[in-house]
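**Q** Spelled out, the chains give:
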Amino acid sequence: MYLPPRGVPDSRRGFLKKGLFGGLLLALGGGTFLATRRGAQVAMPAGLQVLNATEYAVMWAIVQRFVPPREGFPAADSINTTVAADGIVALLEEVTQGEIKQLLMLFENALPNFLFGLRTSPFTQLNPTEQDEVLAEWRDSRLTLRRTGYRALRGIAIAAYYGNKATWSAVGYPGPLPGIHDPNAPAWKGGAEPRPVGNGTMSEPAPAVTP
Amino acid sequence: MTAGRIFTAEDLTKDLTLECDVCVIGSGAGGAWTAHELVKQGKRVVMLEEGGYHTRREFDMTEARAFTNLYQELGDRGTDDLAITILQGRSVGGGTTVNWCSSFRTPERILAAWKDRFGIDTLTTQSLTPHWEAIEKRLHIAEWPLEMINANNKVLWDSLGKLGYERSLIRRNVNNCLNLGYCGMGCPVDAKQSMLATVLPDAVEQGLDLYANVSARQLEWSGRRITAVRAEVIDPVKNKPTGVKVTVKAKLTVVSGGAINSPGLLLRSGLDGDGRVGTRTWLHPVVAMLAEFPFEVNAFQGAPQSVSSHHFVDRGPGNVGFFLEVPPLHPLLAATASTGTGALVQDMLGKLPFINSMLAIHVDGLLPEETGATVRLKDGANFKYSITYDFKPAHWEAFKFASKEMAKLQFAAGAKRVASLHLDPVVMEKVEDIDKLDAARFEPVRMRVLTAHQMGGCSMGKDPRTSVVDPQLKFHTLDNLFVVDGSVLPTSLGVNPQETIYGIARWAAQHIGTAV
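Those protein sequences? They're chains A and B, same order as listed. Numbered by this note's numbering, the letters in the first sequence go through residues 2 to 212 in order. Numbered by this note's numbering, the letters in the second sequence go through residues 848 to 1363 in order.
Since the hints were derived computationally from the structure, they do not count as laboratory data. It cannot be assumed that every hint is accurate.
With a straight-line cut-off of 27 Å between C-alpha atoms, the simulated DSSO-like cross-links for lysine-lysine are [as the list claims (entries may be wrong)]:
1) A:Lys-102 x B:Lys-1085
2) A:Lys-190 x B:Lys-1277
3) B:Lys-1247 x B:Lys-1277
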């Protein structure tokens, strides 16, 4: 695997390390009383690729807040949204995966929750209203780092849910017209094979397709 | 002429070394036209493309699949602080496989600014026009007829008319377009005249060997010459190197990885241009407004972009200008680009057929104080970079001004509600509410800023002390290295960039051919 040449600034701990407050926040992950308070346990589904039990529990809780129960919308768990979130993280580079894992732990950690919001429980032990308040605090924080963290986790949760076709009817999205996509279209790779018309890489004119 | 071939990871199971006249790195707007012109001149050309070879066989018009296969970092590339989301293509055809087809020649005032500020006397309307004419013919670039515009673009068209603002129809690179609305997910019928569907197969037919899933990792150089391109085969599923190495020994190398990735390759190779490589990167920063209409807009149907306004593109000295367009709104993009709580997203997406969005696309790089984005390597990452954007007060002033203008336009078109893309959105229900935006904070990571146009990072210019490539696009300190893509643009453009890059590439290929 490629590694950058020597002398490239070390950014292994990524955005969390940037700036004084970043260092402070990371330090908050240390072994203090509040930092070690247990979070809620959530049954671990099969097939997780990246998240461990604690990280999964935090991601699950965040997903519930960004996809609250709503008539007409499939329940987040009914379409395995948190597993899909894990799948999204799995497609990212390892360095980014590490940052997201750190961020989930920071979100869960009771000590920063106490310092920023006077709450003594981990995120997963808070009730939904309190969790929404924590999310809003991250969103509205004076620290760019916390706003960035909010933005990152929100993005994963939302993408994991709305990337699923099962949400289409809830949002009034008809989806693609049938009969357009041709899964058997030829994919020309050159060589001795003549370039066919409408082969998936060229066509002049385009093939006649009637929607 | 013997036809070339398109190779993908499954064909590349053993290390190989290739010898050729020219190695072109990147298959997007710049690389495709360069390679095509060079094979026409009889040159032996090898092209490396980091992304996969995805064709209409796979273009099933679903966003989840498209973002995974066709975009950098799953469509969520961004600045380090996530202040700006960067939508950038990553597959054979590069950005042209997923762009929304808007085609503009480079504005005269931009070319004039490049001449004045950077001594670029090679790129003029006169020198580019013959290339644009050939390109427009091959790619069927033509104005999209007013009677064909979709309801989303009609909102923009009508509102511009009501407020008396400049408006025009966009020219699109399509042939027998079915007006479906899935351009951003890869055209399922090859109506879009992307590089994937036109110029690349033209070039392969004439001898180009195209290696997809092959990422150029380092340029080896000695003295004033590139001696080899070191590349790795990328597993298309895991997005990690397979361990198979590809080495290309070419007489001349053309880097066409686009803004961000081209600077990245040069930086990995120790070619940092005295610190200038990766600097002065321009993003056409976009702010957007959402509006709910009492009638169906169906922003997911029909040609995504067919109307634009350049009414505010030049706001006078000291100000950042912008142009207006609309985006398509499919659920995943709409949801991820949205802001607000989960319940608010459900409110908004629950009315998706009634939602319009407007985009104000800001013309960065024209003010003397602007430095734009800086791209640097990120330790331990193969494809991710550290990217920071240096916002100036003029940007935030323009973002607020543009947000208000978009809200005015949306209300003029009959919107019931308009919302900003602040993380905590400002919601307006009547024109008078637009003043609420004055109280909102226009600051990084307090509102959504996006980009779909990446430019600069390997800026061209006459003075080697202030630029990376010369006005012929040759790397200043090497004799056989050219950069041909959006990264050479010394400022942003004020129009969607694909045709500018096509034109520059076709123009550059003429003298690159003689330099081999």
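**Q** Quick one: which hint numbers does this structure break? Sort them smallest to largest.
**A** Per hint list: single violation, 2.
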